[in-house]
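Number of protein chains: 2
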Amino acid sequence: MDTHDLVAVSDRRQQHVERVLAAFFSDSHYRAKALGAPYAALWQTLERNASGGKRFRPRMVMAAYESLGGTDLDAAAHVGAAFELLHTALIVHDDVIDRDFVRRGGPNVSGSYRDIATTAGIPLPTAEHRGMSVAIIAGDLALFNSYRLIDRSGVDGLLRTRLHDILDEAMFVSAAGELYDVDFSIRAEPPTVDEIIEMEALKTAGYSFEGPLAAGAVLAGGSPEAIAALSTFGRDIGIAYQIVDDLLGVFGDEGATGKTTLGDLREGKRTVLLAHAVGHPQWAEVSDLFGRPDLTAEEGDRIRTVLEEIGSRRFAEALARDFANRAWEALVGDDLPGTVREEFRPIVAAVLGRVR
Amino acid sequence: MDTHDLVAVSDRRQQHVERVLAAFFSDSHYRAKALGAPYAALWQTLERNASGGKRFRPRMVMAAYESLGGTDLDAAAHVGAAFELLHTALIVHDDVIDRDFVRRGGPNVSGSYRDIATTAGIPLPTAEHRGMSVAIIAGDLALFNSYRLIDRSGVDGLLRTRLHDILDEAMFVSAAGELYDVDFSIRAEPPTVDEIIEMEALKTAGYSFEGPLAAGAVLAGGSPEAIAALSTFGRDIGIAYQIVDDLLGVFGDEGATGKTTLGDLREGKRTVLLAHAVGHPQWAEVSDLFGRPDLTAEEGDRIRTVLEEIGSRRFAEALARDFANRAWEALVGDDLPGTVREEFRPIVAAVLGRVR
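Residue numbers (full-length UniProt numbering), protein chains in the order written: chain A, 1 to 356; chain B, 1 to 356.
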């Protein structure tokens, strides 16, 4: 397929997913209106927070599904939308845990409701807690309804149970990863590289890659071997993707990523980069700066220089390449048709293309 | 039935519910262990927080189910356990929203994890946020799994969909009630009596009474009229129960309820009592005391005296009686067999017996 075909496929899939999500939010909004305008407004805020992303998880479901020969795009879009809604729930709650009030350059749920409160003259700490309280409620709604999108897919019986099991497992492991992330942030000794990889695999790769790919494969009626191969691919490409994400958070091109490269450094985010750096004598020169909320651009450059000089950047890049290559290997056996490799080659290439 | 029979029925039902919940937590704990000891420990904390309650919601499911002739107690216990798990999720998150660290005299999820952090030398604000973060995760797990207990009930097809719909609606309205509760706590003007009743009906009565009763009736194959009658009963008895709860929170016998009667006054809890009192000239004498975290026992007595003198207590008691009587009326038509009235008479009597 040439690039033009890829875009067409992607657009067609995307439209299915958008339709499913639009119908879900429209229904929910209608139901909520009967319980009062402020509740309807909360649903609108939730919908806004569920929009604007890359719809990454539905893309994974549909890629696995179509490349294994599935043709009921509406059913696949429902399963994809279920993962998207789970993602929305998890990031809304993750933002509460991280005390973040902004996402993608605009206020998130916490931020929107904090701002309404401050505008009404409520003092900031109370307004922030109000924003976080509403975000807990909003995340609960997204979480509780993600199952139901699978129910609406028209899939029944054992197949539905298997899809529920996969969604269940995705959420179950993500909660473990979130717990370990919270643990890292308060414990004295810094996490090791292996601990970071394990945490990121649990917290993000499971529900973003492994789960959606397995669900798409199961829905397509893939063989046990094909399902296993795509799950393995998902786990490894998910870890690679996460490491690349952490690299871009520090070394990325702000113009291309749309994110400041000071955010992660100011937050003191625990990544593979940090796990590699700590313990190195040269890191001690900048470790006091790391995690400072008022870090300047110049101080950020100093940290970056150290991370380059002691090889942390190179280490993380090699690790990401490693996981991306392992992911690709999962796809090259006889268990999968060539269509699957065709489908996922661009994704592996994109991950590899983002590391030097 | 004499009292002895009632206790025997109640014990038998209770045992079924406990078995279902024990099996669910045992499975989850086993799954969690594979992802690490701290995650398994979180599941133990969640199980502890799901225990020790009155299992009120499963009781409602089973009472509706058996009084309408249902005989598969195991299926009913699964549905009851689903509501119990939903309840656990909602109170764990409600405690985060209310910044409570204690429930039933012991640390709740937030409290347990806050205490672990302070013991490790973490400063209190960070430790509190850590406790609340873990409680968000724990509540998410309980919430996400409540659906699945219905899946495990062995009920399939349309019936399962209807049970899911009822659980879905219960959670949907509870979220609206929680939102309005948060809104009340920050807005300038105090809520009216009607607003309080509406909020309590949404936040608590729906998922504690109306939903469980409807689910039990649907599972028993009750007629549409029987299901509607039990839903109406549930809504009204739920509101009555909530008003009584608010009365006991201020005027109760601490020895009997196990709760301090200063808690609600110190919290400044918005109840029917308060909605009636505000605006009355005599309330102005004590309104500054209301909501003070350091309220003394003597100051509490002063507030109580005013609430009695201006008739707020009497008003709330009459309102509770009113709703309890309306609830009973929903059961007296021809749509329901006499067994249903027999089953629920003691509950109505208990509510009425708690108001003068």
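Hints are computed from structural coordinates only; laboratory data are not their basis. Do not rely on the hints blindly, as some may be mistaken.
Put simply, identical chains are the same to the list, so a pair is met inside one copy or across any two.
[Claimed, not checked] Using 25 Å as the maximum straight-line C-alpha spacing, the simulated SDA-like pairs for lysine to any residue come out as follows:
#, residue 1, residue 2
1, Lys269, Ile122
2, Lys269, Glu225
3, Lys54, Val348
4, Lys269, Ser185
5, Lys33, Gly249
6, Lys269, Phe25
7, Lys269, Phe251
8, Lys269, Pro123
9, Lys269, Ile116
10, Lys269, His129
11, Lys269, Gly311
12, Lys33, Glu195
13, Lys54, Asp27
Remember, it's a predicted structure, so these values are computed and weren't measured experimentally.
Comparing the hints with the structure gives:
Only between protomers do Lys269 and Ile122 lie at most 25 Å apart by alpha-carbon distance; the minimum there is 19 Å, versus 31 Å within a single protomer. In the homo-oligomer, the alpha carbons of Lys269 and Glu225 never lie at most 25 Å apart, since the shortest distance is 37 Å inside one protomer and 58 Å across protomers. Taking the closest pair of Cα atoms, Lys54 and Val348 come within 25 Å of each other only inside a single copy of the chain (17 Å); across copies the shortest separation is 54 Å, beyond that limit. For the homomeric pair Lys269 and Ser185, the shortest alpha-carbon distance inside one copy (8 Å) is at most 25 Å, but the shortest distance between copies (34 Å) is not.
In this homomeric assembly, Lys33 and Gly249 never come within 25 Å of each other (Cα to Cα): the closest approach is 40 Å inside a single copy and 32 Å across copies. Taking identical chains as interchangeable, the C-alpha atoms of Lys269 and Phe25 are never at most 25 Å apart, the minima being 33 Å within one chain and 33 Å between chains. Taking the closest pair of Cα atoms, Lys269 and Phe251 come within 25 Å of each other only inside a single copy of the chain (14 Å); across copies the shortest separation is 50 Å, beyond that limit. Within a single copy, Lys269 and Pro123 get their C-alpha atoms only as close as 29 Å, which misses the 25 Å cut-off; across copies the closest is 20 Å, which meets it.
Within a single copy, Lys269 and Ile116 get their C-alpha atoms only as close as 29 Å, which misses the 25 Å cut-off; across copies the closest is 23 Å, which meets it. Taking the closest pair of Cα atoms, Lys269 and His129 come within 25 Å of each other both inside a single copy (23 Å) and across two copies (17 Å). In this assembly of identical chains, Lys269 and Gly311 lie within 25 Å of each other by CA distance solely inside one copy; the values are 18 Å within and 57 Å between copies. For the homomeric pair Lys33 and Glu195, the shortest alpha-carbon distance between copies (16 Å) is at most 25 Å, but the shortest distance inside one copy (46 Å) is not.
Proximity of Lys54 and Asp27 under a CA criterion of 25 Å is satisfied intra-copy only: 23 Å inside one chain copy versus 35 Å between copies.
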